[in-house]
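Student: Chains as they are written, first to last, in this note's numbering: chain C, 1 to 390; chain H, 391 to 804.
Since the hints were made in silico from the structure, they are not lab data. By construction, the Cβ of each residue, glycine as well, lies at the ideal position given by its N, Cα and C atoms. Be a bit skeptical, because a hint or two may be false.
[To be verified] Selected chain C positions facing chain H (Cβ under 8 Å, derived; list incomplete):
1) Ala270
2) Val272
3) Gln276
4) Leu277
5) His293
6) Leu295
7) Leu299
8) Ala308
9) Ala333
10) Glu382
[Claimed, not checked] Per label pair, the in silico range of CB-to-CB distance:
11) H:Ala446 - C:Ala123: 22 to 32 Å
12) C:Met216 - H:Ala446: 48 to 58 Å
13) H:Val394 - C:Arg283: 51 to 61 Å
14) H:Ile779 - C:Ala123: 52 to 62 Å
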Amino acid sequence: MNASDEPIIEPKRRIQFAFTDEQEQFRSAIRRFLNDKSPTTEVRRLMATAEGYDPAVWRQLSEDLALPGIHIPEQYGGAGFGMVELCIVTEEFGRALLCAPYFSTAVLAANAILNSCTEAQKAALLPDIAMGTRRAALAITEPDGNWDPAGIEVVATRDADGYLLDGVKSYVVDGHTADLLIVAARTPETISLEGLALFTLDAHASGVERRLLEAMDPTRKIARIEFRRAHAKLLGNLDGGAKPIVRTLDQAAIALANEMVGGAQALFDAAVNYAQLRVQFGRTIGSFQAIKHRLADMLLDVELAKSAAYYAAQAAAADDPEWPALASLAKAAASETYLQTAIQCIQIHGGIGFTWDNDTHLWFKRAKSSEVFLGQPVYHRELLMQRWGV
Amino acid sequence: MSKVNEADIRAEVREWIAANWNPDMSLVEWRGKLADSGWGMPQWPQQWYGRGLPLALARAVEEELSNVGAVSVAKSGVRLLAAATLLEHGSDLQKKKFLRRILTGEDTWCQFFSEPGSGSDLAGATTRADLNGDYWIINGQKVWTTSAHHADHGLLLARTDWDAPKHEGMTFFVIDVKQPGVDVQPLKQMNGHASFNQVFFTDAKVPAENRVGDVGEGWKVAMTTLAHERRGADGLPPPSKRGTRVGRIHAEERAETEKANQPYKWYPQRAGRVDLVIDRAKETGANRDTNVRQEIARLMIMAKSAEWTARRARAAQQQGRPQGPEGSLGKLAASNVARAAARVHTLITGTEAMLTGGASPRDGIIAEILVSVPAVSIAGGTDEIQRNIIAERVLELPKEPRFDTGPFRNVRKN
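Chain H extracted, bound-state conformation (with noise of 0.2 Å):
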């Protein structure tokens, strides 16, 4: 491809612009010219809805989308995660099959990769597919899948070889959710939400055509999945700035955003809700007692430090420097803050951290704070694992000896 630039860019996608953009189209139909077109993905593959852009160049024309207000492609929740594993791994025929109508947003996914007894250790999964003719029968058991009630297709990592070691043992689905055999159970939080489902497969069938990459390749395809799960994509779309904007299609959208962020409403209280610290130290008057003060001083300390040592890192690597150590410290730090703050919270609030629901302060964010905290030092990693990550990685530590080693079949499990 001939050498591209800005400028040029940056003209032709307005041009293509004010010959498509209409707010008064439906979601899926202006999508669908977007998926077309390559203006959607302009950084995907031009055989594939895309431009072959470079990344910048593609900010550019994300840009130029949205200083006219235009809508862009479906996002949220693990479409991107998905079309990503399949542009690497998926045959042709899948990628036909599932990509445009993952950007258009017809379709909604999700991931089938923790299980009740793997849960740091997502490689000990023994979900079982058997093939038998043209189809890979599903029996076993999912867990912490997010939009599994309304997902259509889920990214399934199950075992196929039990003699083989753990790692190679396994095979990559595309499954179809909405199936007999996929019962979609919702999980039900300590803090009384259910932002998760547990999944029970019991024969559930997948064709054939739908494995993604050779049989027991499967811990390699969950790897692109999971690199790009890391790189940034936290399952939430980004806060939609089009609030007021007037036409079908952003009401569409609107509705689409409200649906997907639904589950996510506690996700600030999870993180401790450190913004709320110094108000609620105020409104209380807490803040004139010495001891509390200390703490706040304490909390902000760590708080603050945390987010300048995130900043730290993007602006080494911005610089093109080596990651230091600062690169691999968020996960940890945001556990430690969370927990403090919900200690300075309880501070606070005192007798009334007795209270929830409409009782608890703030309309019951409190509460919720100090009953939503204990999941952020878990979920998507635990500490520990962080820990061993940091100790292994970053400080070339001795890695943890392993029993799991041998035929999958001989090793222990839950």
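With the rest of the complex left out, here is chain C (with noise of 0.2 Å):
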């Protein structure tokens, strides 16, 4: 292959291999907070409310720890750090199921601000978001799931001082609870990636009505939220198009695929641990080749896809110009190996794994809902082969 079409480029800045003393340290931090505010016994007593999330350990992993605004530069109120940060914190969240608005108000909303905003709106509207008094939720995909924008129908109509939305969206996450909403919409008359732009308003603004959906995953709420002639503010300007929506769902993706790798983690290791205590024919059953195998599979399975989830952040946050290709590779990397660990963990479990007692189901359908929230392996795949050009 010449260099000209060869997809899998050596980046040209150097991407690092491993966590820095600092970031390594940031982990331990929030694993011991996550140690004592979410165990699982805390995961189900949200997990049943229509909320979702303990105000009062928001309120600590925003003023103690500063989780929020750990990727919002200083100039806004936040830590300043960057995308491995923010993917160490997704992915802690994500090993103890933490229960927050964290993945719609930190990952997608302040990104999507960050992504579009003028500077005076940025000035606005992050302080808050940073520090943790002001919950956001973005709203892009509608009710037939379609994560690709150009199919956004949402409309935003110029009016005298602003924009009005009609449509619905749907798959919002924390849509119900949000006090800002951001909304994909289009101007009239366009199709496709044309004409789409970014609209914020108050969620409780009139002709904005939310309703909380049956959610398979009850540790990740989301909302359908119709709009009839609601008043919205333009974020950015028309001409940023869909570039700053997408950049937001590639961000997501790799964010994602970092949470769901700390969720397989956490899976894996259930796994080991119900092997070595398990006794069945006068033997612990991790005795079995049969299980010794398995696991085995399971951990180069978990490996391969934290090093997919690393990559990708790595590469984001050195601004590597391949990072959009491999939010998509890391995402259907993490998508089917945090699905297929889950599963297997079930397996291992035996009897007692589909249980409601047993917690593997809280992991397993935070896999399943993770597999298709922001787009399949299978949609993400051929964005892949698309974005390397094949």
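Fit the two chains together into the complex; they arrive one by one in their own frames, and the hints show the way.
Tutor: Shown next as structure tokens:
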């Protein structure tokens, strides 16, 4: 292959293959916090509520650990770190299955604002988000479940002092509890990626009707939101088109991939522990090759997916030109691994594995919903091929 | 020894090179100078053709030599594994007799470990060595022996005590391959290549002085050889970057490299040739098929993830962190990648996958991939053994139950 059509290029900037000591310490601090605040008893308590999170824990992770603004530049009130640190947070949250509006507020909404807004808008919107005092949700997908922004149908019509939104969004993570909504919509008479832009409005504005959906994964709340002549403001300008939306989705895919490998690791650890404990036929089941080999394969699978998720985060942080392709690569890899690890974890647990009382199903359901959230593996594999020019 | 610093060492070796290097010398003569001066293997002990330098400084020396295009000591094949084993366990007499000719390239070595009856279970060897006067008499069969057909000496693991437990009844020898009792036959593989040999020993002789380590210590000695093998010597010499250099010595080295590499021409095919997949998809038009695109993506995701996993392991090592599980997974990952690649090559190639040789696409490379890949999950440790190792050493799951304890005589064999 020559350099011109070689899709898997050597990165221009050096991409790190190891976390720094500071990043490892950051991870440890989050893990300690979660061990304390998010045992599965808490996950089970919160997933049964409509809000789906504990405001006290949200306040602590905002005030004590500054997590909602970890990747937000300091001039907008954030901690000024980047994609790698954001992904350490999501990986640990995925591992502990923390119930909190983090993915919606920090990953989706904050990045959408950073990618689209004018300086004045960023200065107005981001400090509250960084402090955790304003929770936001990003509405892109509609009832047809399409993650390609080209399919967006919600229309934004010019009004005297802004825009009026009409249409329906769905699968909006934490859309029912958010204070602020950011909505991807198109100007009238446009198609495909033309005419797309992001708009914002107060979640309690008139013309906005929010309904909590019955989610298979009760630890990640999703809502349907209907807009009827709802008054909204344009974020950034109309020239940006679909770019900020696509960029936000790619960043989210990387953050989700890291969240998923965190969950896969938790499932894998649970499977190994159980194999060490459970005795049948006078020996621990972990002494059978059928189980040992399955666990070895699971470990390989998890480590490979981690490598993809970490590499994508490092590439995005280094602004490597290939990072959007790697976002799709990591999303597809982590989706398959998370679900397979969940399936195998249940299998190793045997009968107890598919009971409600055993915790495995909590991660299984997160794995299943994450598999399709932001686009199925099949969608991202195709996107990867397109982005590599195949 | 007083503390040495890199600048001094570099200056010293540069001076020595200026006084001694001449590309019109014969290869053996030059390598003799490297061996005798200790600059060829500076990390070896001072009394044995080295200078006792730490590895980092040895690399600096290597760099100085390569900067002027000077040829290194012979490193290909099993010879450095043999040298490492002799340096650790050999007698002074053996070191004197063998080490210098290893470095000059005058002698080629091979390794007689695997047997038809003991593949994964290397310690189950049944090739026997019986002491008769001043000689050990060798009878049995070894297999998968690379280079045996042109080797001068072999590292031999043989059983000397049948009443001892399996791992305690073996002894390690250096055997002269070119003798009447050693019959080397090529072993042709399913891909048509014969990169290995099977070797039959019929009353072959090993002088008593060629025993390495004590009687019954053979397994321990073999572990040294295998540890060095795992540490990175894959039997392949590094790719030569000096292809165009002029001078007798370079021509001799090129011929040597060619000869050493010849049996391994198909090795890249065995690994699945992931590098060809996207080009092949484009040139055949298979890149327009949505199913094929999905399969290519699956393969590339696996291959790239495996590569990044290896780099994560290396990065952790460089930072001095304890090795995580990612360091033990490479072999198993490579098997999975190779198998997936063979499947995707078939998808892309379609009916033409029925052809072989010159009739097969890319002058037979595609067909060679398809019939070489099955070896990769077996050679150098089967996938099943790798999974046991991962499960037992990384995940600390219980070890396999043993049925081979007690006197080896009573252990069930093939």
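Student: Each hint should be assessed against the structure and marked as holding or not.
Tutor: Comparing the hints with the structure gives:
Because the smallest distance between the Cβ of alanine 270 (chain C) and any Cβ of chain H comes to about 13 Å, over 8 Å, the interface hint for this residue is violated. Because the smallest distance between the Cβ of valine 272 (chain C) and any Cβ of chain H comes to about 5 Å, under 8 Å, the interface hint for this residue holds. Taken as an interface hint, glutamine 276 (chain C) checks out: its beta carbon lies about 7 Å from the nearest beta carbon of chain H, inside 8 Å. The interface hint given for leucine 277 (chain C) is broken, as the beta carbon of that residue sits about 12 Å from the closest beta carbon of chain H, more than 8 Å.
Interface hint at histidine 293 (chain C): satisfied, since its Cβ lies 4 Å from the closest Cβ of chain H, which is below the 8 Å cut-off. The criterion of a C-beta within 8 Å of any C-beta in chain H is met by leucine 295 (chain C), whose closest approach is roughly 6 Å, and the hint holds. Hint status for leucine 299 (chain C): holds, given a least beta-carbon distance of 6 Å to chain H, under 8 Å. Residue-level restraint check for alanine 308 (chain C) holds (minimum Cβ-Cβ distance to chain H is 5 Å; threshold 8 Å).
The restraint placing alanine 333 (chain C) at the interface with chain H holds, with a minimum CB-CB distance near 5 Å, inside the 8 Å limit. A cut of 8 Å between beta carbons decides the hint on glutamate 382 (chain C): the least distance to chain H is about 6 Å, and the hint holds. Checked against the given bound of 22 to 32 Å, the beta carbons of alanine 446 (chain H) and alanine 123 (chain C), roughly 52 Å apart, lie outside it. Here the CB-CB span from methionine 216 (chain C) to alanine 446 (chain H) is close to 56 Å, well matched to the stated 48 to 58 Å.
Here the CB-CB span from valine 394 (chain H) to arginine 283 (chain C) is close to 56 Å, well matched to the stated 51 to 61 Å. The hinted range of 52 to 62 Å is satisfied by isoleucine 779 (chain H) and alanine 123 (chain C), whose Cβ atoms lie roughly 56 Å apart.
Hints 1, 4 and 11 from the list above are not met by this structure, while the remaining hints are.
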